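**Student:** Protein chains in written order, with the numbering used here: chain A, 1 to 382; chain B, 1 to 382; chain C, 1 to 338; chain D, 1 to 338.
Hints are computed from structural coordinates only; laboratory data are not their basis.
It is possible that part of the hints are untrue.
Stated by the list, open to error - The calculated DMTMM-like cross-link candidates involving lysine to aspartate or glutamate, where the alpha carbons are at most 25 Å apart (straight line), are:
hint : chain 1 : residue 1 : chain 2 : residue 2
1    : D       : Lys-88    : B       : Glu-95
2    : C       : Lys-88    : C       : Glu-58
3    : A       : Lys-254   : C       : Glu-213
4    : C       : Lys-88    : C       : Glu-207
5    : B       : Lys-251   : D       : Glu-292
6    : A       : Lys-254   : A       : Glu-37
7    : C       : Lys-45    : B       : Glu-212
8    : B       : Lys-251   : B       : Glu-43
9    : A       : Lys-371   : D       : Asp-33
10   : C       : Lys-266   : C       : Glu-194
11   : B       : Lys-251   : B       : Glu-353
12   : D       : Lys-45    : D       : Asp-33
13   : A       : Lys-254   : A       : Asp-29
14   : C       : Lys-266   : A       : Asp-164
15   : D       : Lys-45    : A       : Asp-280
16   : A       : Lys-251   : C       : Glu-63
17   : B       : Lys-371   : C       : Glu-238
18   : C       : Lys-45    : B       : Glu-292
19   : C       : Lys-266   : A       : Glu-360
20   : D       : Lys-266   : B       : Glu-360
21   : D       : Lys-88    : D       : Glu-63
22   : D       : Lys-45    : B       : Asp-193
23   : D       : Lys-45    : A       : Glu-288
24   : C       : Lys-266   : D       : Asp-33
25   : D       : Lys-266   : D       : Glu-334
26   : C       : Lys-266   : C       : Glu-292
27   : D       : Lys-45    : A       : Glu-292
28   : C       : Lys-266   : C       : Glu-238
29   : A       : Lys-251   : A       : Glu-21
30   : D       : Lys-266   : D       : Glu-239
31   : C       : Lys-88    : A       : Asp-164
32   : B       : Lys-254   : A       : Glu-292
33   : B       : Lys-254   : A       : Glu-218
34   : C       : Lys-45    : C       : Glu-63
35   : A       : Lys-254   : A       : Asp-193
36   : B       : Lys-254   : D       : Glu-63
37   : B       : Lys-254   : D       : Glu-62
38   : D       : Lys-88    : B       : Glu-353
Note that the coordinates shown come from a computational prediction; the quantities given were computed from them, not determined experimentally.
Next come the chains, spelled out residue by residue.
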Amino acid sequence: MSTHDDTDHRHSTGATQPDTEPIRVLDDDGHLLSSAEPPALSEAELLGMYADIKLARHFDQRAISLQRQGRIATYAPMTGQEGSQVATGHALDDEDWLFPTYRDHAAKYVHGAELGSLLTTLRGYREGYSDPAGVNLLPEYIPIATQVPHAMGMAWGQLLQGNDDTAVLCHLGDGATSEGDFHEGLNFAGVFDVPAVFVCNNNQWAISMPRERQTASETIAEKAHAYGIEGVRVDGMDPLAVYAVTRAAIKKAKAPTDDERRPTLIESVQYRYGAHTTADDPSVYRDEAESEAWRDRDPLDRLETYLHRTDVLDDEREATIEAQVEDEVAAAIETAEAAETSPERIVEHVYEETPDRLAEQLDELNALREKYGDDAFAEVLG
Amino acid sequence: MSTHDDTDHRHSTGATQPDTEPIRVLDDDGHLLSSAEPPALSEAELLGMYADIKLARHFDQRAISLQRQGRIATYAPMTGQEGSQVATGHALDDEDWLFPTYRDHAAKYVHGAELGSLLTTLRGYREGYSDPAGVNLLPEYIPIATQVPHAMGMAWGQLLQGNDDTAVLCHLGDGATSEGDFHEGLNFAGVFDVPAVFVCNNNQWAISMPRERQTASETIAEKAHAYGIEGVRVDGMDPLAVYAVTRAAIKKAKAPTDDERRPTLIESVQYRYGAHTTADDPSVYRDEAESEAWRDRDPLDRLETYLHRTDVLDDEREATIEAQVEDEVAAAIETAEAAETSPERIVEHVYEETPDRLAEQLDELNALREKYGDDAFAEVLG
Amino acid sequence: MSSATATEAESATERLTLVEGVREGLHTEMARDDRVMVLGEDVGKNGGVFRATEGLFEEFGEERVVDTPLAESGIVGSSIGLALSGMKPVAEMQFMGFAYPAFDQLVSHAARLRSRSHGQYTCPMVVRAPYGGGIRAPEHHSESKEAFFVHEPGLKVVVPSTPADAKGLLTAAIRDPDPVVFLEPKLIYRAFREAVPRGSHAVPLGEAAVRREGSDVSVFTWGAMTRPALIAAGNLAEEHGVDCEVVDVRTLSPLDVGTVVASFEKTGRAAVVHEAPKTAGVGAEIATTIQEEALCYQEAPIKRIAGFDAPVPLHALEDYYLPQAVRVQDGILETVGF
Amino acid sequence: MSSATATEAESATERLTLVEGVREGLHTEMARDDRVMVLGEDVGKNGGVFRATEGLFEEFGEERVVDTPLAESGIVGSSIGLALSGMKPVAEMQFMGFAYPAFDQLVSHAARLRSRSHGQYTCPMVVRAPYGGGIRAPEHHSESKEAFFVHEPGLKVVVPSTPADAKGLLTAAIRDPDPVVFLEPKLIYRAFREAVPRGSHAVPLGEAAVRREGSDVSVFTWGAMTRPALIAAGNLAEEHGVDCEVVDVRTLSPLDVGTVVASFEKTGRAAVVHEAPKTAGVGAEIATTIQEEALCYQEAPIKRIAGFDAPVPLHALEDYYLPQAVRVQDGILETVGF
Ligand SMILES: Cc1ncc(C[n+]2csc(CCOP(=O)(O)OP(=O)(O)O)c2C)c(N)n1
Ligand SMILES: Cc1ncc(C[n+]2csc(CCOP(=O)(O)OP(=O)(O)O)c2C)c(N)n1
Ligand SMILES: [Mg+2]
Ligand SMILES: [Mg+2]
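I would like the entire structure built from these sequences, with the hints used as guidance.
**Tutor:** As structure tokens, then:
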């Protein structure tokens, strides 16, 4: 059997190795890499990105403490990842669509969601889903990877309707790449060549599962080849690099050259500093020392350094932004805590027209509330 | 944005291209390629493979005509693909497990299924699933790609139970590669490094869907990289090449070297000469001229030529084999047509112990049969 | 043009089979609204494995009649995205038994996009699937698990039993603002023809149809089982003087409780006939609803005449699995004789 | 070792919560049979998001307590293969709402491997999932669609409501020769403790448990809803002199028709309480079965006290969605007062 052992070696496709080094613009300390040029962003745009990352970080801290106080429910923190989220958000044009996960608070905010609404939802009020008109944003997806075919279909619809100026950006996690829906959605995207950009926020963990055990492929970006589309790896803690790569992908999605295909899979390499959610305790399954190396490449620090060194930012501007950020989050909390809901919501928006039987179920409930008072409904276990 | 356009180019993983030329041992006319050596098979083994391919082709013709006569139900023909099926079957050791699709009649037969049983099942009798003890063979899978995780789990179970001498071979079609289960199964196989060989019988069509529209990736073999496993492309109409590649993969699955991973995805490039099934009319969706080029590389012709040229086969032996094959198929048809079934089968083997309610349902049915006779059950539409 | 054709073209109806009714529904709506598109496996050039989409590819082109890769979750999932984008996708699952890989997309997403987004987004789409047994198809091809979809709020579930309804209900389903699972009884795809209105023809969802009026016992059924039910009703009238009312439920979700209960109040006895396994099937929902709403009228147990609590057997035995006229008849007699 | 611990170690029982009962069931069976293995998302080092598998990884190692990639169809599909190979896999779906991607593998394969192969192959495996609402969990985390699985022949469906049953039924499920969907009411994972037998403890599948005997009305329920049902029963006895029999159905498939019907024949009235949407839920099956088997005993409509025909709302409203003691109580009174 010596022959085909040779043959194997010659013909096996196992030999090809993708370039695995992520694209970077800034080094770990926030200095511009000699090999790189900064993306063409105005000072205002750069400051906007910076302010959004500041806000995201502050929001994260406040949300975690609100959860601890029982004022909102389970929350998925994003510290360490907000640089990438904000950068992808900035890379979008207004008319583009965003498909976020439960962790993409900052991306949603940048694309037009109101902070107060985000918190209202986290209070368990469906009323939080009331984005201003023209904000092209889906409610966050919790069932992993299910948004991938939706984003593909939305992008396909743009193409079919001749909307050349609209692309779709779909966030997903590293864990999501194992799901069938990731595969089916990306394969469709490749076949129908739709204007969609899939950003895999590879934060190294899917709850307690480290990236290396999620898949045996060396990178996530290389999975793109299985779908005949481009895969790119970027330093997800370098907001300028993420912006540049995502912006290029969005542009290509809308107006590819003859030899380009519209879809891109971006692997944004980052780290989840904190717990998976406020219900999770990462010390059970990972060595917290691991995060130190990542924290040294913190996206906020790096951008801050870069902006200071390029004189876009000074201490005064920084302080102003800080104050604005705190005010904005405080106001959002107030808005959310002022929100009200009602049991009627349970039957609303199930169908355009509420079926009789469902309407009767509400009537029954209301009769009971009338008879026994709302307190009787406080606890299922009595 | 000129910078990251450059960067993109440098770092994009879109540039890597797998070697797409399939492995071959015989040329289109059945001559040994100068670059290749034949696999180490004895004359008896070569003749066995040849006889099995002959049998498969004859069986296919008979089954199609039995279906036309209403003696069996829908049948999925395999002509053009039987060379690959027989070769993969011969590459297995007896203790290995085979997960076949609805088209893999020949692979099943080679691994120990009885022809009479196959035909009994095609008559709609569950009794056909009664393989001789020790034949490690699952019933054929109809829901596309669902067998992939099963095969993975079976292989995993061997590993966990320390059965180093048992591997699993899983057949699937080109269409199957689009399903989520293909992805999830192969990703698991890569992560848990199990002794499984996945053979994608790329017959260029999934019913009416040509391979090029099934996925935008250039080859199916390269999809293996997304799972960190080896991908191999082989000429699926060259039985010797398929044998060599599959045998090597099975050996590697059982005893990999330090730098090898156990699983392999083999893309066996072939063509479905006939209809998808006897219920299908390919002239509606494909140009039958296309098949001519493929028929020129017919697996039976090529092996026959090779065996004649190497004096393994002569006209007399060929005639003997032909006669044996016809006898064997004729006997199988007789066996199948002698098989009997009974409505009791409906409730058997649903659970180990038939629940009362189900037993009562059978009693009800039997009471009705008693009362009205079996003729009353002949036609639902009366 | 032959004179026969000329006459046909002028008349307001044409004689179609059920599968032609489906095709006509698709055709009419695609011609009327260019957001309507068809997608699925082999629906394009091949015209669908049952020819339900025949000719649409040629007429509306590859952008509106799309052969997709072999991936049901991808088909339903991308249809949800298409619906979000403003299209009106009609997705085909090649057989109902192959819709399960798309189950998550159907129940977790299609059904809930409206409620999840507090009404901001909607999901007007149709998922069609040939369904049920009786055609000697291979394993997994004869499923009729409508109950799975009926139990999921946010979905509508429709099963036509006549060519005119196939066209009319499909038309209404396509125009519906919410996702509809449209199950087509393939046993009667070509069993008979009837006059079907040409052009736009919508039959409202949510309304059952009384196929035969009667006073002794109500038979609730849908899809292919309306045939054995009507045969049984005919026989019972002739041979036993039993006058059955046969109600074709048509829309299984939301259920037309009014028509079901009214019929029962008239007869006081009922049978439900369906192909799906008896346990936890839609028959249970109908029987329970009746006893909730009209117990005082009930004179006998409501009889379920259904598939076995077992997988559909291979084709040699499927006629024993499906409710036959003889089983329906016997079951009704049991109810009447109680 | 403290004396308290010493005493405990000697006694034949230990006081456990329901989730500890699950863990003990897994532990005992893994210790007893080394073919038993646990697999799923975060079941290893992390011990499961509800700690149901805590300590098993440390004790039995990474080959028998396996963190898998995030892919439910892969988990169930590979478990089927593992079962075929001779292992006894216990797969965890992190939440019942995330079992839908595995629906096809469950209904088309796990349920049918035995019948498809004419008994040649079997599929002894358990699919566990935390299920139901009431814990303020995010969207999609509060599903209780047991009816989906009950409608599929070949599966068994089990829901424990006590710590001892959690251990005992899980033990029986693991030993069962057929696939079992084991749904764990997470609302009462830690709600109370009770004495649970140490060591091997199996509670047979297919047998309902009468939790409270009574003569006026039967309440059929399972899982977390046994609590409000028992609270309601207590209140009704005290405040209204109504004597409820509370039957914890426990095994939803196959149903213990004998116990259900016997209870109803005694009381002549019944309510079914479940969290799942009312329409086409298991409540319908139970009510229909009762009227089939015991119509002559029926004195009032069987009342379904169930979830809305709507998705479970975000957590702020979930207590209005779930059947509360007050709803149960009022519903029973309606039945009794009919
Ligand atoms: C289909 C499905 N399965 C399981 C879960 C439970 N779950 C929630 S988040 C999570 C991990 C996701 O990891 P990843 O995709 O890497 O995203 P990250 O949380 O790291 O942002 C899991 C298993 C789910 N939400 N959906
Ligand atoms: C899940 C599922 N979806 C759809 C089908 C219907 N179907 C049967 S065979 C087939 C095409 C399969 O193509 P491929 O995988 O290339 O295998 P081939 O038939 O060419 O051998 C389809 C769509 C099915 N059996 N299962
Ligand atoms: Mg992650
Ligand atoms: Mg094929």
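**Student:** Run the structure past the numbered hints and jot down the numbers of the failing ones, going up.
**Tutor:** 3, 5, 9, 10, 11, 13, 14, 24, 32
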